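Trainee: Could you put the whole structure together from the sequences, leaning on the hints where they help?
For reference, each letter of the sequence shown is one residue, going 1 to 714 in the numbering used here.
Keep in mind that the hints were calculated from the coordinates and are not lab data.
Cut-off 30 Å, straight-line C-alpha distance, at most; resulting in silico cross-link-like pairs (DSSO-like, lysine-lysine):
id, residue 1, residue 2
1, K260, K362
2, K633, K573
3, K362, K474
Remember, it's a predicted structure, so these values are computed and weren't measured experimentally.
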Amino acid sequence: MNLKPYLLLLLGFVLFTNGQFAAAQGVTTAAMKGVVLDAKGEPLPGATVVATHLPTGTPYGTATRSNGQFDLLNLRVGGPYEVKVSFVGYTTYSQGNIQLALGKTFEVNVNMAEEGRTLGEVVVKGNRDGIINKDRTGASTNVNNAAIRTLPTISRSQEDFTRLTPQSSGLSFGGRNTLYNNFSLDGSIFNNSFGLDAPTPGGQTNSQPVSLDAIEQLEVSLAPYDVRQGGFTGAGVNAVTKSGTNDFKGTVYTFLRNEKLIGEKVGDVTVRNPDLKFNQTGFALGGPIIKNKLFFFTNAEITRRDDPGLTFRPARDAAEAAAALNGQADGVSRVLESDLIAIRQRLQSVYGYDPGSYQDFKYRTSSDKLLLKLDWNINDKNTFSVRYNFLQSFREQGPHPIAIAPSSRVQSVNTLQYSNSGYTINNGLNSVVGELNSRFGEKFSNKAQLSFSAFRDVRDLPNAKLFPQIDITKNGTTYVSVGTEQFSANNELNQNITQFTDNLSYFAGAHVLTAGVTYERFSFFNAFNLARYGYPYFGGLDIDQFYKITTPGSTDFVDLNALATAGGQKPVKGVDVNVAQLGLYAQDEWNVTPDFKLTLGLRADMPIYDTTVPQNQQILNAPLLDSNGQPAKVDVTQFPKATPLFSPRLGFNYSLTKSEYTTQLRGVPVSSPVVFPSSGLATRLPTRSLMPAILSRSTARPATSSFRRCGAPT
1 MNLKPYLLLL LGFVLFTNGQ FAAAQGVTTA AMKGVVLDAK GEPLPGATVV ATHLPTGTPY
61 GTATRSNGQF DLLNLRVGGP YEVKVSFVGY TTYSQGNIQL ALGKTFEVNV NMAEEGRTLG
121 EVVVKGNRDG IINKDRTGAS TNVNNAAIRT LPTISRSQED FTRLTPQSSG LSFGGRNTLY
181 NNFSLDGSIF NNSFGLDAPT PGGQTNSQPV SLDAIEQLEV SLAPYDVRQG GFTGAGVNAV
241 TKSGTNDFKG TVYTFLRNEK LIGEKVGDVT VRNPDLKFNQ TGFALGGPII KNKLFFFTNA
301 EITRRDDPGL TFRPARDAAE AAAALNGQAD GVSRVLESDL IAIRQRLQSV YGYDPGSYQD
361 FKYRTSSDKL LLKLDWNIND KNTFSVRYNF LQSFREQGPH PIAIAPSSRV QSVNTLQYSN
421 SGYTINNGLN SVVGELNSRF GEKFSNKAQL SFSAFRDVRD LPNAKLFPQI DITKNGTTYV
481 SVGTEQFSAN NELNQNITQF TDNLSYFAGA HVLTAGVTYE RFSFFNAFNL ARYGYPYFGG
541 LDIDQFYKIT TPGSTDFVDL NALATAGGQK PVKGVDVNVA QLGLYAQDEW NVTPDFKLTL
601 GLRADMPIYD TTVPQNQQIL NAPLLDSNGQ PAKVDVTQFP KATPLFSPRL GFNYSLTKSE
661 YTTQLRGVPV SSPVVFPSSG LATRLPTRSL MPAILSRSTA RPATSSFRRC GAPT
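Mentor: Here you go:
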């Protein structure tokens, strides 16, 4: 067959076709395929192929089609598997010790021998799913359980293994921000879908949503051609959890760290390590409930960590402060201890507010995880699995380091903080996913999945009196921060995510035809009450001016308690956002020749905005200008027009020679996946609701405003 015209057609299609792809599904299984021939190399239609997952006794069976080809989809990852091929009049042969990788296809090609012939006439060829593999049509990295168990890990997180992808830098792939990745667990969405800070649930508290001890395999995809994968411009990171087998297996582990286990030298430079206490303890157990029928797996893990609130100490006198600024006093800040004492005494005596300690306090981090999973072999044609996981975590930390600040608030040689200037982030997650894999006769295979995740992100303030936040400056830079952290009062984000996916595959000769539907619904409630208790002094307040405004009887005196009280009487503002996406897609995987595979698919996605936003008259009537300096109106009630996104996918793999490990030509992705647009929509809506409070303190053109108070009474 002359493939040159086809290759030219493919190249032209790739160069001139453009589209956007917004899928967000993940792969949970593996596949097996092959061709069964007789001793003369002719196809054997109707041959029986059975692949058995030996640890659970789960059989997956089918029959070869008219061209001798067979496909087994939705197979459990891992192994070992044993494959048996039988046909009337031919000797039954088997191949064992097969391991299946997540999202990959293992190839078994068999030349059968007639009964009575010697084994030497039989050829059983298995593809070990290497990088040079004619079934690969995209860039991906698979990390199996053996690698997870044996490779070194410091953070015990997926980041320690995604680094095996050559295009990665931490959780950034191809130079993209981590929020442009798509994370999935057992095929369900596992992103921080609202798009704030960390890419996965629990990330804001430095917690992993699932213990590493519960992960079976991990796959990183950068350019998939399969229409069922996508939702990213960085990478799709997909993990599947462990399952029980016919043997009871368990682990108990603990992981301890402290400052004495951390190196202190980089070359000839000695690095000062702050105090650290870290303890992670957990267990995992899996086994049969009914042998060969019903299995369970569970994992539980707790993590506790203590870090010093401050790693710099205040200077004892002016000479030591000067030495600190000149880099001659390691671990010492320019902030005078006498100033910290005086500021605290002034706030306590005048306002009854205690800013907290400036030494010997700790920031705690805590995480509790639980995972439960059941796998049920209903019969030879149907398998069902359900997984539940739970996370409850918190992290204590200092005030936001840079936002709306004269300079960095991060503790350093220039700046120190009190303990009551910080806040606590609380993360909670409850997630459940069910998956049904079915085979209908020899022609159809189906996978249906339904999942629901509830993610909670709530901030707590220290158990202290509420007070305006003030950045006290010295020589133009932040010196000391006091008061209630301005971004954390009544800061709450609730996310509910529902996902349904169904993929139906039909086997016809050299074709595997797949049609699917997916529906994703995102419901958010976001309360963000910026500077609720006041941030009176933009640009900071010089330390001398601080003493003036806090001196009772002075003409400059400011009743800071009144600002906090007025702010606390304002209604708490929050916004509900409901968005969804419906996707329909179809795909043909065509083995044109033994050396040429073509994957062609098309997808249509429709965003759905199920949210009503009240009109904001202050913004609508604000005399704003567009980028050309012309008058412009902003109507917050208007959403982007919902239009379907048509996304073609095209991939091919052509082996240039007959050798198994040789040079191959592969296609390039037709379209670039995009992050689901509701993330940007959701993050904008709460901001719109807060704009009246901000605009009321500013001029009509925010770019030229010179107001000084936010959250203070007018």
